[in-house]
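Protein chains in written order, with numbering that gives the first Met the number 0: chain A, 0 to 256; chain B, 0 to 80.
Keep in mind that the hints were calculated from the coordinates and are not lab data.
C-beta: ideal position from N, C-alpha, C; glycine also.
Just so you know, not all the hints are guaranteed correct.
If you want the ones that stay clear, here's a sample from chain A, every Cβ over 12 Å from chain B, calculated [what the hints assert, rightly or not]:
#1 Pro2
#2 Gly23
#3 Pro29
#4 Phe30
#5 Ala76
#6 Leu124
#7 Leu211
Selected chain B positions facing chain A (Cβ under 8 Å, derived; list incomplete) [to be verified]:
#8 Phe3
#9 Gly64
#10 Leu65
#11 Leu71
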Amino acid sequence: MRPRHRHLLFLVAGAGVLGYLVWGMLDLSPFGRYPGPYGDIVNAVAFSERHVLNVVTAVIFDYRGFDTLGEEFILFACVTGVSLLLRHEGDEQGDRCSPKPRRESSLEQAIAPHASEASRSCAALYCGLILVFGVYIVLTGHLSVGGGFQGGVILASAWLLVLVAFGSPALHRFARKYAVEWFESAGAGAYVLIGLASLLFGQNFLTNILPLGEPGQLLSSGTILLINCGVGIEVSSGFILLLCEFGKPLQHQKPVR
Amino acid sequence: MNSFNTLQLVVFGLVGLAGTAVVLTRNPKRQIFVAGVYGLFQTVLFYLLHSPDVALSELAVTTVGLPILVLLTLARLEKVK
Numbered sequence: 000m001r002p003r004h005r006h007l008l009f010l011v012a013g014a015g016v017l018g019y020l021v022w023g024m025l026d027l028s029p030f031g032r033y034p035g036p037y038g039d040i041v042n043a044v045a046f047s048e049r050h051v052l053n054v055v056t057a058v059i060f061d062y063r064g065f066d067t068l069g070e071e072f073i074l075f076a077c078v079t080g081v082s083l084l085l086r087h088e089g090d091e092q093g094d095r096c097s098p099k100p101r102r103e104s105s106l107e108q109a110i111a112p113h114a115s116e117a118s119r120s121c122a123a124l125y126c127g128l129i130l131v132f133g134v135y136i137v138l139t140g141h142l143s144v145g146g147g148f149q150g151g152v153i154l155a156s157a158w159l160l161v162l163v164a165f166g167s168p169a170l171h172r173f174a175r176k177y178a179v180e181w182f183e184s185a186g187a188g189a190y191v192l193i194g195l196a197s198l199l200f201g202q203n204f205l206t207n208i209l210p211l212g213e214p215g216q217l218l219s220s221g222t223i224l225l226i227n228c229g230v231g232i233e234v235s236s237g238f239i240l241l242l243c244e245f246g247k248p249l250q251h252q253k254p255v256r
Numbered sequence: 000m001n002s003f004n005t006l007q008l009v010v011f012g013l014v015g016l017a018g019t020a021v022v023l024t025r026n027p028k029r030q031i032f033v034a035g036v037y038g039l040f041q042t043v044l045f046y047l048l049h050s051p052d053v054a055l056s057e058l059a060v061t062t063v064g065l066p067i068l069v070l071l072t073l074a075r076l077e078k079v080k
């Protein structure tokens with residue numbers, strides 16, 4: 000097929016897709032209008048039922064907690080898949096984390112070739128601030144904007160700074176891979192265990208069984224806070240594991256099959 | 000909130016422009032930074048549309064998650080070649 004014909008074909012197909020899109024959008028409800036009942040109901044009952052100040056968090060980690068469990072395990076499966084794909088054969092024979100020093104320089108050159116003293120000092124300074132901010136975002140998901148997913152990514156960005164400023168050997172010293180793997184599994188498992196715990200009390204899976212506490216206090220909202228912590232640990236260690244895997248020195252210098 | 004206000008319209012336009020810029024940037028290393036700017040505009044847009052939770056997620060993904068993966072993958076690919 001000649002390029003000109005291909006363009007013609009694209010124009011016809013593109014016009015068709017555009018027509019369908021416009022047709023579909025004409026039937027949407029107007030901007031800012033919410034026709035469904037659920038949002039209004041949740042807005043009305045979430046505060047008194049769950050003692051949360053952020054209704055979004057109540058929906059994500061309580062009313063729709065089962066969906067979020069699936070989402071968390073999507074991330075878990077992705078990280079596992081990346082680890083499997085980037086696995087080297089050397090890793091299986093006891094070399095769990097620390098790469099061999101003589102082969103370290105190659106990828107470090109590609110990732111952090113010329114990190115200056117100034118950027119290294121700034122990275123070291125910001126690491127602490129980012130960790131504190133990430134913990135704050137994880138812990139206050141039920142009070143304000145935030146939660147385990149966002150806070151977990153923010154926490155992991157501290158390790159990203161270590162990788163960018165100090166290179167992969169420093170990252171591997173700063174985050175032992177087997178420990179990170181344990182944390183990731185524990186975070187993912189915690190969600191399921193919290194859900195199963197409610198079965199012991201004769202409730203449905205993921206029912207909020209803990210005391211709800213005083214609204215607006217840090218220790219409130221029952222299992223929502225606990226699940227947030229678990230998700231924060233899972234997401235941050237998942238991302239750190241990705242950093243470890245991607246930042247790992249290439250041990251076999253042959254093309255990926 | 001039954002119609003756009005001016006600020007929302009402006010940021011909507013900026014999101015469209017930035018999205019086009021992402022597609023028109025061909026070098027992946029530059030593209031990831033343009034994509035970051037695109038994500039920042041989206042963050043502002045979500046915030047203006049009264050969904051700060053989504054804005055924070057978008058901010059975390061677009062400034063940390065996506066660049067990490069793309070840049071580290073590019074770094075690996077350059078080493079493998």
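Structure-based check of each hint:
Look at Pro2 of chain A: its CB is around 18 Å from the nearest CB on chain B, clear of 12 Å, so calling it non-interface holds up. No beta-carbon of chain B is positioned within 12 Å of the beta-carbon of Gly23 of chain A; the least distance is around 19 Å. Not every CB of chain B lies more than 12 Å from the CB of Pro29 of chain A, the least distance being 7 Å, so the non-interface label is violated. At the 12 Å boundary, the C-beta of Phe30 of chain A falls inside the reach of chain B, the nearest C-beta of that chain being 6 Å off.
Under the 12 Å C-beta cut-off, the non-interface status given to Ala76 of chain A relative to chain B holds; the minimum distance is some 16 Å. Against chain B, the non-interface label of Leu124 of chain A holds: every CB pair exceeds 12 Å, the least being about 18 Å. The non-interface label for Leu211 of chain A is consistent with chain B: the shortest C-beta to C-beta separation is roughly 21 Å, beyond 12 Å. Because the smallest distance between the Cβ of Phe3 of chain B and any Cβ of chain A comes to about 6 Å, under 8 Å, the interface hint for this residue holds.
Taking 8 Å as the C-beta cut-off, the interface hint given for Gly64 of chain B holds, the closest approach to chain A being about 6 Å. The restraint placing Leu65 of chain B at the interface with chain A is violated, with a minimum CB-CB distance near 11 Å, outside the 8 Å limit. For Leu71 of chain B, the interface hint holds, since its Cβ comes within 8 Å of a Cβ in chain A; the closest pair sits about 4 Å apart.
When each numbered hint is compared with the structure, violations occur for hints 3, 4 and 10.
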